[in-house]
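Novice: Dock chains B, C and D against the given chain A, drawing on the hints supplied.
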Amino acid sequence: MHNIEKVELIIVGGGPAGLSAALAAANYGVNVILVEEREFLGGQLVKQTHRFFGSEKEYAGTRGLKISNLLVEEIKENEHIKVLTSSRVLGIYKDKIVTILTNNKMMKYFPKALILATGASEKFLAFENNDLPGVFGAGAVQTLMNLYGVSPAKKILMVGSGNIGLIVSYQLLQAGVEVACVIEAAPKIGGYSVHASKLRRMGVPILTSHTIKKAVGKDKVEGAIICQLDSSWREIIDTDQFIKCDAICLSVGLTPLTDLLRQTNIKTVYISELGGYIPIRDENMETNIKNLFVAGDVSGIEEATSAIIEGQIAGLNVAKRINKNVKYQLEIEKQIMEAKEELELLRAGPVGEKVRKGLKKIGLNNSKNYDERMSNEEYDISFLMRTGIPSNDNLKMKLPQSEEIFNKGPIAISECFQKFPCDPCVKGCPFDAISEEGNINNLPYVDFEKCTGCAICVSKCPGLAMFVVQKNYTDSTSLVTLPYEFLPKPMKDQTVLVLNREGTEICEGIVKRVIDGKIQDKTTVVTVEVPKEYFLETRNIKVK
Amino acid sequence: MRIEQHPILEFKKGEKIRFYFNGKEMIGFKNDTIASALYGLGIYKLSESKKQKRPRGIFCAVGHCSSCLMTVDGIPNVRTCITPLKEGMQIETQSQEVIKDA
Amino acid sequence: MKLKNKASVVVIGGGVVGNSVAYNLAKRGVKDIVLVERSFLASGATGRCGAGVRQQWGTRQNCLLARESMRVFENFKDTLNVDVDIELKQKGYLLLAYSDNELGLFKRNIEVQNSLDIPSKLVTPQEAKDIVPDLNIDKLVGGAFCPTDGHANPFKVTYGYSKAAVNLGVEINKFTEVKKIKTEKGKIIGVQTNRGFIETSKVVDAAGGWSQQIAKMVNVELPVYSERHEILVTESVKPILDPMLMSFSYNIYCQQTPDGSFIMGYGPENEPPGFNTHSSWQFLETMSKKATWLLPPLNKIRILRQWAGLYNISPDKQPIVSKIKDVENFYVACGFSGHGFMIAPAIGVLMADIITESEFTYDVILDIERYKRGEVISEPSVV
Amino acid sequence: MNEDNIIICRCEDVTLKDIRNLIQQGFTTIEEIKRLSRIGMGPCQGKTCGLLIAKEIAEITGISIEKIELQNIRPPYGGVTFEEIIAGDEVEK
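Protein chains in written order, with this note's numbering: chain A, 1 to 544; chain B, 1 to 102; chain C, 1 to 383; chain D, 1 to 93.
Derived from the structure by calculation, the hints contain no laboratory data. One or more hints might be untrue.
Derived list of chain A stretches under chain B, where covered just means 3 residues or more per stretch with a C-beta under 8 Å from a C-beta of chain B [what the hints assert, rightly or not]:
hint	region
1	127-133
2	447-458
Restraint ranges, calculated between C-beta atoms of paired labels, are given here [said to hold, decoys possible]:
hint	chain 1	residue 1	chain 2	residue 2	range
3	B	24	A	39	41 to 51 Å
4	D	63	C	276	26 to 36 Å
5	B	24	A	230	31 to 41 Å
As a list, the in silico DSSO-like pairs of lysine-lysine whose alpha-carbon atoms are at most 30 Å apart [claimed, not checked]:
hint	chain 1	residue 1	chain 2	residue 2
6	B	24	A	213
7	A	96	A	320
8	A	218	B	24
9	C	77	B	51
10	B	12	A	492
11	A	267	A	112
12	D	67	A	357
13	D	17	C	2
14	B	12	A	155
15	B	24	A	489
16	B	53	A	267
17	A	360	D	67
18	A	155	A	218
19	A	327	A	82
Just so it is clear, CB atoms sit at the ideal spot from N, CA and C, and this is done for glycine as well.
Just chain A, same shape as in the assembly (with noise of 0.2 Å):
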């Protein structure tokens, strides 16, 4: 009477860790169920529109939802993968036997191995109606703009400055909608400096030490109240500030989402720096559960890149101990391998330092020393850290020393001043001109010498930090060459206004020229002329 499915390795997740799981088992022969919830596969990532960051092995430099299709793609290819979409797993018993929702009926399996790659959720938070209509975590913004196209708001509050709050807000202004400011309530901003750039020279203001008191509004948000926090982020009185908006997106961290996994009795700590309550694993993602592992988000809050590593690690250890082939073993374990030496590169750095912490307080102290391979040139982003705008001091570490360099033509200027995991400009450039020496952590420093100006780093660039200068395009007016993404574009000889790094106009220019191709995908290359004294400041137009 009861019919169960014996089957070798179910995997809970279609986002970027379950994927990735599931071909790492699947390319050695494993037989693999993926069950996801939503009716299409890849979860967050179909999102995202935004190019990923880390290193050109894992995508970097292609958007999210393009980085989704491949791998998508791929799972459909392999006759080894059976998906189940808008299929739930209902219980994890203690008889093994794994319980799945999938067209309207309750399946029983008995898997050989288990994956939960559920993802994370978003943490809520407590301010006065909460509760009300227009109220959104960031994930609901994304969908609803992203996935089906229906504006969230007209002009919105952005809570939180992580690389949520940031991407999102930005992506906001793609879709048309007016970003009020963001808040933080920590005294710098949480994400990538070079996102927090990318709001500034779009006249979003981002106010750090501040948090959200209320919502406003009777039925729908109206408004918002903020106010000012002391160091100790406590609220100063009469700080409160009223903010007209008719949505507010909370993007206050998202915590790993452990409830299919607390079914069994595995054991989970309470890790800030991770997110929250995370299963406690072995560097092979195994749990104290045999055979019961977890990738992604749901085992601490990182981004798609190392979700997509874990889910190779966990996949691969899978294939290991399912396929006993000895041909296979050797090679299986190269690859593990490799993907935990990709997983150390990428925490490394300053901002892996988090992570590293977290990790480290449930023994998986990854031995090597990140810093010593990496420069350990100091210099202060604290001011950049604060507002989104490089300081002065940080500008000329990356301008040519003499001024004849300017002479030579065009050349590319970084606007990268945060040591983070992240290669593409490196890797994308025709001319070897930029350079990490050799770990992808470090800052990326162009040779002038070898620069020709072509602009190609101008897409390639995920942060869209990098900027094409020709100083002395004539004796008063030099050409700026900067990243565009947005609507309308701008037309070869149209008059533009060009603003600086703070969004404010700060004169007009004369488009030369606009690369719109599939290399660019997407990321409009605009050439500008501008009187020559804004040719340093020159960072965003404006088209009438």
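Specialist: Coordinates of chains B, C and D only, in the frame set by chain A:
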């Protein structure tokens, strides 16, 4: 309010889907979920909270928070943010009377 | 919060029975009562049960205990003088008979119940349908209905009793686990817990599914065993079921709580004795078939959560509320066999009578010696 | 901020004031607060309110958040109807 044009994405509006919201006929599009169709039509309040009858609408839009529950074709507590819209669906705001007797 | 190191009596177990005993003892003027609970209050069976409150019993004494308890539930705030709403819902119990002799049993029980002013009556299948319009009355021979039976919130009742006890000077210690009961020459001298030693000469064992483990600490073998009973709760929907539906032969109980969610379960077949409280998928499958046959609208309703608790089963499925001859001042209140919650108010009074050696308030025989005397009155009405 | 107007549990409509009252009365575990206020009993089973309440308990009692346990999670995750269970069992292998 629908996004007409977008620098990165194309939203080719699928064919229309007719559905009913509290009895009124409405139009959504293929690939819409119930919640995204309603939000696109400017309907933000999807239900009332259990005790204080506070207005509730979409919060997480990925099926986690249960703040978008509505009655669909007579079935209560449907998570409309992850339920695909279908032709002829009857959608109703759900305000549960909590029985407080004796 | 420092633990009292000296007590006149230590009550072990923070469920509804333990708290009721502590309260009723304090009401008799007993001082320095200390209750210890190894987790939080109502973390055991009390917090996991269907929490129905029923007076329709087969034995006279169970009816008596149930009636007296219902009076407490009906005016809980005044009786205990605490401001706690126990969400009492009195829409009755509808017992379903699927054979003539089962209906005959109901008839005899109703006579006993009516003799104790419990307003139960026989109902025909059609009358049952009038009470529960969605009921499937196929194969139904008849039923019994008592309008004043119903449902109460088990957590609120427990916390109500514990608040009342504290008001009368009882010390309630959560997260305090009993490790050993120290005795000298057969006399209790104190209780060792993970938070310190409490000197006492009197101990009450109200540890529910673990009563027999506590009794072993004074090397007493209680004739009870524990077994897992599973249960589930659905999402909240509009009310369609007023009374608790229950059938002994069909083996089911099902109730829609004031919150609008259904709680239901059934008596498992060949469940091994033990302390396992894990959920099983088999329970969902059997429960679904049973429940939807009886109440078809359940088909479309979503189950939100399943869990399990321990029934502490006695030989005659009657409670054991008694002192223990061989160990002076060691008392037990256990063996409730799945219906402790509904009679806890009266059990507290009875245990207080026994401990203070006063005349019994209720004419009942629940001492442990009854088994030796062969006075075993088995109670048929249990799921 | 007015605690009556801050919602902690969306499913069961429980405010920050309700939660703080319970903690101050000595109910310092999520399992107790759940049983007395129904947080975590709704369809989302504690996903949105769990962490917020853990932080409140940590703040008021001084217990470090690492020591505060979220509520137990039981099957069936996300809910399943009786009909779906029966349909699954009747599928012939």
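Novice: Now, for every hint given, state plainly whether the structure supports it.
Specialist: Against the structure, the hints come out as follows:
no.: 1; hint: 127-133; verdict: holds (count 3)
no.: 2; hint: 447-458; verdict: violated (count 0)
no.: 3; hint: B:24 - A:39: 41 to 51 Å; verdict: violated, 27 Å
no.: 4; hint: D:63 - C:276: 26 to 36 Å; verdict: holds, 31 Å
no.: 5; hint: B:24 - A:230: 31 to 41 Å; verdict: violated, 50 Å
no.: 6; hint: B:24 - A:213; verdict: violated, 37 Å
no.: 7; hint: A:96 - A:320; verdict: holds, 21 Å
no.: 8; hint: A:218 - B:24; verdict: holds, 23 Å
no.: 9; hint: C:77 - B:51; verdict: holds, 23 Å
no.: 10; hint: B:12 - A:492; verdict: holds, 28 Å
no.: 11; hint: A:267 - A:112; verdict: holds, 20 Å
no.: 12; hint: D:67 - A:357; verdict: holds, 19 Å
no.: 13; hint: D:17 - C:2; verdict: holds, 28 Å
no.: 14; hint: B:12 - A:155; verdict: holds, 24 Å
no.: 15; hint: B:24 - A:489; verdict: violated, 40 Å
no.: 16; hint: B:53 - A:267; verdict: violated, 39 Å
no.: 17; hint: A:360 - D:67; verdict: holds, 18 Å
no.: 18; hint: A:155 - A:218; verdict: holds, 17 Å
no.: 19; hint: A:327 - A:82; verdict: holds, 25 Å
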